[in-house]
Amino acid sequence: MSRYSDEFRGWDDGYGPILESVPIHPAAFATVTPWTSAAEHRALMERYSHTSLLAPLARDRTEGRITIDKSGAPVVDYTLNADDERRVIKSVVEGAKVFEAAGAKEIWSTHGKRISYQPGKQGDYERWTNEIRSAGYKPATSLLASFHQMGSCRMGTSPANSAVDPNNESHEVKSLYVTDGSNFPDASGVNPMLSIFGIANRAGKKLAEKLG
123 MSRYSDEFRG WDDGYGPILE SVPIHPAAFA TVTPWTSAAE HRALMERYSH TSLLAPLARD
183 RTEGRITIDK SGAPVVDYTL NADDERRVIK SVVEGAKVFE AAGAKEIWST HGKRISYQPG
243 KQGDYERWTN EIRSAGYKPA TSLLASFHQM GSCRMGTSPA NSAVDPNNES HEVKSLYVTD
303 GSNFPDASGV NPMLSIFGIA NRAGKKLAEK LG
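Just so you know, we're using my numbering here: the sequence shown kicks off at 123 and counts up by one.
Please note that the accuracy of each hint is not assured.
The calculated DSBU-like cross-link candidates involving lysine-lysine, where the alpha carbons are at most 30 Å apart (straight line), are [said to hold, decoys possible]: (1) LYS235 x LYS219; (2) LYS227 x LYS243; (3) LYS192 x LYS260; (4) LYS296 x LYS243; (5) LYS192 x LYS227; (6) LYS212 x LYS243; (7) LYS227 x LYS212; (8) LYS192 x LYS235; (9) LYS296 x LYS328; (10) LYS327 x LYS192; (11) LYS192 x LYS212; (12) LYS219 x LYS192; (13) LYS296 x LYS260.
Using C-beta positions, here's what the derived DEER-type ranges look like [claimed, not checked]: (14) ALA149 x SER317: 37 to 45 Å; (15) TYR170 x SER127: 50 to 58 Å; (16) ALA282 x GLY326: 24 to 32 Å; (17) SER124 x ARG276: 27 to 35 Å; (18) TRP157 x ASP135: 33 to 41 Å; (19) LEU265 x GLN240: 36 to 44 Å.
If you're looking for bench data, these hints aren't it; they were derived computationally from the structure.
Beta carbons: idealized from backbone N, C-alpha and C, even for Gly.
Use the sequences and the hints to build the structure in full.
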């Protein structure tokens with residue numbers, strides 16, 4: 123991770139994306155590479171050394187839910203609401219321009235179906251953006267990856283709208299403490315590493331005082 127741009131952060135009162143360059147290890151590349159056939163997937167994988175990945179880091183308002191099925195396994199339910207999907211689409215369309223400026227020969231999205239274009243080819247960018255908007259970002263049709271999950275175990279004073287109290291202790295299970303990004307009340311829209319350090323440091327000190 124070497125570069126980022128916050129040019130679009132001002133969208134919708136601070137809910138715009140950050141554009142980040144991110145590591146693209148072989149396994150990650152295989153995951154985001156569209157699949158039409160084994161032969162095409164292999165051909166794309168052979169271009170690994172000449173491929174880069176740009177991640178539009180969206181600050182979402184969408185809320186998900188985790189439930190437990192009959193076998194005891196967790197079930198994740200998360201589908202972008204229309205407003206967040208609109209911002210993701212717009213950030214992908216704008217992010218492609220970064221690759222164009224870097225001299226990319228072909229640009230594609232993380233949809234299961236290959237949606238790509240060749241910079242410099244007349245009308246190709248416009249055609250591609252229309253396809254991206256038409257496809258959208260729906261479950262099972264495109265890959266969405268989370269940088270850091272936030273707000274799944276919110277901190278607050280009331281069990282009605284939070285999972286842990288202001289000292290990071292579970293409302294429901296005494297002596298159970300949670301000290302990570304899930305304590306956030308909402309998605310911050312930025313890399314939360316320093317904030318997580320702060321949460322853990324504060325919780326550790328309070329717990330040490332309690333244990334005496």
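Against the structure, the hints:
Of the pairs offered as hints, the one joining LYS235 and LYS219 holds, with about 21 Å between alpha carbons and a cut-off of 30 Å not exceeded. A C-alpha spacing of about 10 Å is found between LYS227 and LYS243, which places the hinted pair at or below 30 Å, so the restraint holds. A distance of roughly 26 Å separates the Cα atoms of LYS192 and LYS260; the hinted pair therefore holds under the 30 Å criterion. Annotation: proposed proximity of LYS296 to LYS243 is violated, straight-line Cα distance about 62 Å (limit 30 Å).
A threshold of 30 Å between alpha carbons decides the hint, and for LYS192 with LYS227 the separation of about 49 Å lies outside it, so the pair is violated. The hinted pair formed by LYS212 and LYS243 meets the criterion: a straight-line CA distance of about 21 Å does not exceed 30 Å. For the suggested pair LYS227 and LYS212, the alpha carbons sit about 21 Å apart, so the restraint of at most 30 Å is met. Distance check on the hinted pair: LYS192 and LYS235 sit about 33 Å apart at the alpha-carbon level, beyond 30 Å; violated.
Proposed proximity of LYS296 and LYS328 is supported: the alpha carbons are some 15 Å apart, at most 30 Å. Restraint check: the Cα-Cα separation between LYS327 and LYS192 comes to about 39 Å, which exceeds 30 Å; the hinted pair is violated. Distance restraint check for LYS192 and LYS212: the Cα-Cα separation of roughly 39 Å exceeds the 30 Å cut-off, and the hinted pair is therefore not satisfied. The hinted pair formed by LYS219 and LYS192 fails the criterion: a straight-line CA distance of about 47 Å is larger than 30 Å.
Distance hint between LYS296 and LYS260 is unfulfilled; the C-alpha atoms sit about 39 Å from each other, more than 30 Å. The hinted range of 37 to 45 Å is not satisfied by ALA149 and SER317, whose Cβ atoms lie roughly 28 Å apart. Between TYR170 and SER127 the beta carbons are some 24 Å apart, a value that contradicts the proposed interval 50 to 58 Å. Against the hinted window of 24 to 32 Å, the Cβ-Cβ separation of ALA282 and GLY326 comes to about 27 Å, which satisfies the hint.
A hinted range of 27 to 35 Å for the beta carbons of SER124 and ARG276 is consistent with their spacing of about 33 Å. TRP157 and ASP135 have their C-beta atoms about 38 Å apart, which keeps the hinted 33 to 41 Å range intact. As the Cβ distance of LEU265 to GLN240 is approximately 22 Å, the hint placing it in 36 to 44 Å is violated.
This entry does not satisfy hints 4, 5, 8, 10, 11, 12, 13, 14, 15 and 19, going by the numbered hints stated previously.
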